[in-house]
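Turn these sequences into a full structure, and let the hints steer you where they fit.
Residue numbers (the numbering used here), protein chains in the order written: chain A, 1 to 202; chain B, 1 to 202; chain C, 1 to 202; chain D, 1 to 202.
Don't take every hint at face value.
Any copy, or any two copies together, can satisfy a pair, since identical chains are not distinguished.
Claimed, not checked - Within a straight-line C-alpha distance of at most 30 angstroms, the following computed DSS-like cross-link-like pairs (lysine-lysine) qualify: (1) K78 to K96; (2) K148 to K41; (3) K158 to K41; (4) K148 to K177; (5) K180 to K25; (6) K88 to K41; (7) K25 to K78; (8) K148 to K44; (9) K25 to K54; (10) K54 to K44; (11) K21 to K96; (12) K177 to K158; (13) K158 to K136; (14) K88 to K136; (15) K88 to K177; (16) K158 to K96; (17) K136 to K96; (18) K180 to K96; (19) K148 to K136; (20) K177 to K44.
Hints were generated in silico from the structure; no laboratory data involved.
Protein chains: 4
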Amino acid sequence: MNKRQIKQRDHAIQIREAAEKLFAKRGFYPTTMDDIAREAKLAKGTIYLYFDNKEDLFFSAIENKLDALLARIREAVKEPLSPAQRIKLTIGIHLKFLEENRDCFKIMQSFPEQLKEKLERKLKGRVIERQSQYIKIIDRLIQEAIRKGEVRPLDSRKLAVVLMGIAHSLTVYWISKKEKGSLSEDESLAWEIFWEGARRKV
Amino acid sequence: MNKRQIKQRDHAIQIREAAEKLFAKRGFYPTTMDDIAREAKLAKGTIYLYFDNKEDLFFSAIENKLDALLARIREAVKEPLSPAQRIKLTIGIHLKFLEENRDCFKIMQSFPEQLKEKLERKLKGRVIERQSQYIKIIDRLIQEAIRKGEVRPLDSRKLAVVLMGIAHSLTVYWISKKEKGSLSEDESLAWEIFWEGARRKV
Amino acid sequence: MNKRQIKQRDHAIQIREAAEKLFAKRGFYPTTMDDIAREAKLAKGTIYLYFDNKEDLFFSAIENKLDALLARIREAVKEPLSPAQRIKLTIGIHLKFLEENRDCFKIMQSFPEQLKEKLERKLKGRVIERQSQYIKIIDRLIQEAIRKGEVRPLDSRKLAVVLMGIAHSLTVYWISKKEKGSLSEDESLAWEIFWEGARRKV
Amino acid sequence: MNKRQIKQRDHAIQIREAAEKLFAKRGFYPTTMDDIAREAKLAKGTIYLYFDNKEDLFFSAIENKLDALLARIREAVKEPLSPAQRIKLTIGIHLKFLEENRDCFKIMQSFPEQLKEKLERKLKGRVIERQSQYIKIIDRLIQEAIRKGEVRPLDSRKLAVVLMGIAHSLTVYWISKKEKGSLSEDESLAWEIFWEGARRKV
DNA sequence: AATGAATGAGTCTTCATTCAT
DNA sequence: GATGAATGAAGACTCATTCAT
Chain A
1 MNKRQIKQRD HAIQIREAAE KLFAKRGFYP TTMDDIAREA KLAKGTIYLY FDNKEDLFFS
61 AIENKLDALL ARIREAVKEP LSPAQRIKLT IGIHLKFLEE NRDCFKIMQS FPEQLKEKLE
121 RKLKGRVIER QSQYIKIIDR LIQEAIRKGE VRPLDSRKLA VVLMGIAHSL TVYWISKKEK
181 GSLSEDESLA WEIFWEGARR KV
Chain B
1 MNKRQIKQRD HAIQIREAAE KLFAKRGFYP TTMDDIAREA KLAKGTIYLY FDNKEDLFFS
61 AIENKLDALL ARIREAVKEP LSPAQRIKLT IGIHLKFLEE NRDCFKIMQS FPEQLKEKLE
121 RKLKGRVIER QSQYIKIIDR LIQEAIRKGE VRPLDSRKLA VVLMGIAHSL TVYWISKKEK
181 GSLSEDESLA WEIFWEGARR KV
Chain C
1 MNKRQIKQRD HAIQIREAAE KLFAKRGFYP TTMDDIAREA KLAKGTIYLY FDNKEDLFFS
61 AIENKLDALL ARIREAVKEP LSPAQRIKLT IGIHLKFLEE NRDCFKIMQS FPEQLKEKLE
121 RKLKGRVIER QSQYIKIIDR LIQEAIRKGE VRPLDSRKLA VVLMGIAHSL TVYWISKKEK
181 GSLSEDESLA WEIFWEGARR KV
Chain D
1 MNKRQIKQRD HAIQIREAAE KLFAKRGFYP TTMDDIAREA KLAKGTIYLY FDNKEDLFFS
61 AIENKLDALL ARIREAVKEP LSPAQRIKLT IGIHLKFLEE NRDCFKIMQS FPEQLKEKLE
121 RKLKGRVIER QSQYIKIIDR LIQEAIRKGE VRPLDSRKLA VVLMGIAHSL TVYWISKKEK
181 GSLSEDESLA WEIFWEGARR KV
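Next comes the structure, spelled out in structure tokens:
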């Protein structure tokens, strides 16, 4: 990879990072392409060399983050541990990710309803798909735990959803408290409630 | 109250309902005042007789719904039941409300990050306050349950947040499944996981 | 004239006075019919019972003032005095009028260029005509003074214009000084300069 | 200066000239940004690249003209002539300027009362200041003439105001006659009346 | 490849005027 | 006659996107 190519890749990254930051802080509509160009220290026209349009940039930014999260989770799930422990590990990774990417998280939860219907049809799928991949991983972990008799035989998909909801809600609370303390500290609380709530009673 | 007065009140309601519907479906920015006027079957200028501007209308719509929910919850909490039963009742009401107002629910979760900072400062408080009132009610129920030894002595506010998160996540899931089945059916699942997860072990 | 008729006339006057006040203070466009209705303590629709539209009201207000001025001047001109003295008297009346109606004066000088061309054609004439009547009276006084050899044989119309200009400019200056002192005091200055400047040298 | 820069400067000028013309012809409110864009043969959005908003454009247009006039006057005042001659020169320049910029002149006299109070506070000062600079120059010339005993010891500022008023009124008259003849021809009339009216009698 | 000036469709908001009561 | 709610045309301003340099 020569200098020029590096520079090119850099520009795409620069832009995506600027976009991530601003979309996260202000949401989709209030963020202008001018803002992003200024933040990226590039000309406005340059953005269009790397991204089709504003929506494309928006979804690219989110996808990028979600891919990073998915990659980390997939790594964790491979560990040779019991389902319970792997679930706990996953929650930990999830909370740590949200803590590190609090802004991005704010978009992720809100975006699906943000865009005009025409855009939705074209683009929402790109993110939805990743979100459901994520749920699927948790789902499979829970299915395994159910098979092993560690968890009661409930709807595993719904349990996965509930687990995500617990993590999610604690994050929102943490953000609303202006992010005092560490989000990761809530890992055991999330885990405890979910596990006690879901596990098979003796 | 004469005919004219009735008509007036009706118009404010017509507009708010149109706004609720469209803001819920499309979010704040993609919804235009023209859209709302058309939906309400009134002229655009008429909206401005009843609401200061788009933001005011947006928040009025949300407030209205949240007030209705709060009123229902406050009624339920008065019942002469055990904390556990009242918490269960509350979840039921919450899910039923979300089921009946699925659209509005979509805005409620996303709005905080939707608006330009200047607007936020002025107006977000109006909704935030109602949201926290809601959490406070649940919080107090849980505190009571902790005092009575029914729930482990954890951070009651966080438990309230988790309970809401569970209800919330099941709603999102239900919506994502295109709303097949009844959301209320998930009441016992939400309740079971939360209560088993939080209650004092013998 | 019965009670009802008195009341009606009162309403037209109320409205015109409110209009005079507000048009004078803010100019034509920034003054709204709502403002005028509020100031007149009548309903907006009532204005349209007495005036065709906003322009009509505007010109009616100005005409009314100009008619009052013209009446006073015509009275003065009848006095059995020398042209010089009658001109001096006229300047005095003019300055006193402007002092009493400083706001109205502000509109009078600016209005001709204020309105869309379509309106201009229809309505400007109404005021222009009165303005030129006013100049005509001064013109005739000066012609008389020229005939009597008191004033040099210059273009009498231009001299009339210059005289008005002197009075006008001193008024603007007086207003710009936030109306300290009495405008009438400038009567002798205006008179002196004009008369010394115009009269026949011995 | 490359082609692009030339083009840019041109555009700002094109816009200002279009604005000057239209504001002058129709006044502030009846002139729309669309009109100006059409007149300037540029897109509406382009105006906002060079001017903050309509008010800014309005005042920029006036300021520009007044600056040109001030520059010409300042040059004339430097001439090694008697005060009387320099005053005469100044009137000549003033009338010539008004003749060349008859439209702009129309705005200048009317603008102060044209704008909503909020705008006035922010922006009127920009023009008022230039107007008073102009009066100050004439004022100083007259003071000098008084010191030299050429003019009677009257209030020099008021004399300056009167002189401007004479020039001004002749311009209005010339415009009202649909601009027949040359305004500059009135130079000697204006001068004669003012000077005879103001000078020290032997 | 990079730039940023230019574009103009799209939006909120105002306000003169009408008309049912 | 009096009212004031309703109307909708009109206008300032924004901003994603294009394209000549």
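Cross-check of the supplied hints:
Taking identical chains as interchangeable, the C-alpha atoms of K78 and K96 lie at most 30 angstroms apart only when both belong to the same chain, with a minimum of 18 angstroms there against 40 angstroms between chains. Taking the shortest Cα distances, K148 and K41 never come within 30 angstroms of each other, neither inside one copy (54 angstroms) nor across copies (59 angstroms). In this assembly of identical chains, the alpha carbons of K158 and K41 never lie at most 30 angstroms apart, being 45 angstroms within a copy and 41 angstroms across copies at closest. Taking CA atoms no more than 30 angstroms apart as the test, K148 paired with K177 passes between copies only; the shortest distance there is 28 angstroms, against 39 angstroms inside one copy.
Proximity of K180 and K25 under a CA criterion of 30 angstroms is satisfied intra-copy only: 18 angstroms inside one chain copy versus 34 angstroms between copies. In this assembly of identical chains, the alpha carbons of K88 and K41 never lie at most 30 angstroms apart, being 41 angstroms within a copy and 53 angstroms across copies at closest. Within a single copy, K25 and K78 get their C-alpha atoms no closer than 34 angstroms, and across copies no closer than 40 angstroms, so neither meets the 30 angstroms cut-off. Taking identical chains as interchangeable, the C-alpha atoms of K148 and K44 are never at most 30 angstroms apart, the minima being 56 angstroms within one chain and 62 angstroms between chains.
In this homomeric assembly, K25 and K54 come within 30 angstroms of each other (Cα to Cα) both inside a single copy, at 16 angstroms, and across copies, at 21 angstroms. Proximity of K54 to K44 under the C-alpha cut-off of 30 angstroms is found in both arrangements, the shortest distances being 11 angstroms within a copy and 23 angstroms between copies. For the identical chains of this complex, K21 and K96 are intra-copy neighbours only, at 18 angstroms inside a copy versus 36 angstroms across copies, given an alpha-carbon limit of 30 angstroms. Taking the shortest alpha-carbon separations for K177 and K158, both the intra-copy value of 28 angstroms and the inter-copy value of 11 angstroms come in at or below 30 angstroms.
Taking the closest pair of Cα atoms, K158 and K136 come within 30 angstroms of each other both inside a single copy (11 angstroms) and across two copies (27 angstroms). When the C-alpha separation of K88 and K136 is checked against a cutoff of 30 angstroms, the pair qualifies both within a copy, at 16 angstroms, and between copies, at 29 angstroms. Taking the closest pair of Cα atoms, K88 and K177 come within 30 angstroms of each other both inside a single copy (24 angstroms) and across two copies (27 angstroms). Within a single copy, K158 and K96 get their C-alpha atoms as close as 23 angstroms, and across copies as close as 18 angstroms, so both meet the 30 angstroms cut-off.
When the C-alpha separation of K136 and K96 is checked against a cutoff of 30 angstroms, the pair qualifies both within a copy, at 20 angstroms, and between copies, at 27 angstroms. Taking the shortest alpha-carbon separations for K180 and K96, only the intra-copy value of 14 angstroms comes in at or below 30 angstroms, while the best inter-copy value is 34 angstroms. Taking identical chains as interchangeable, the C-alpha atoms of K148 and K136 lie at most 30 angstroms apart only when both belong to the same chain, with a minimum of 18 angstroms there against 39 angstroms between chains. For a Cα distance limit of 30 angstroms, the shortest separation of K177 from K44 qualifies neither inside one copy, at 36 angstroms, nor across copies, at 40 angstroms.
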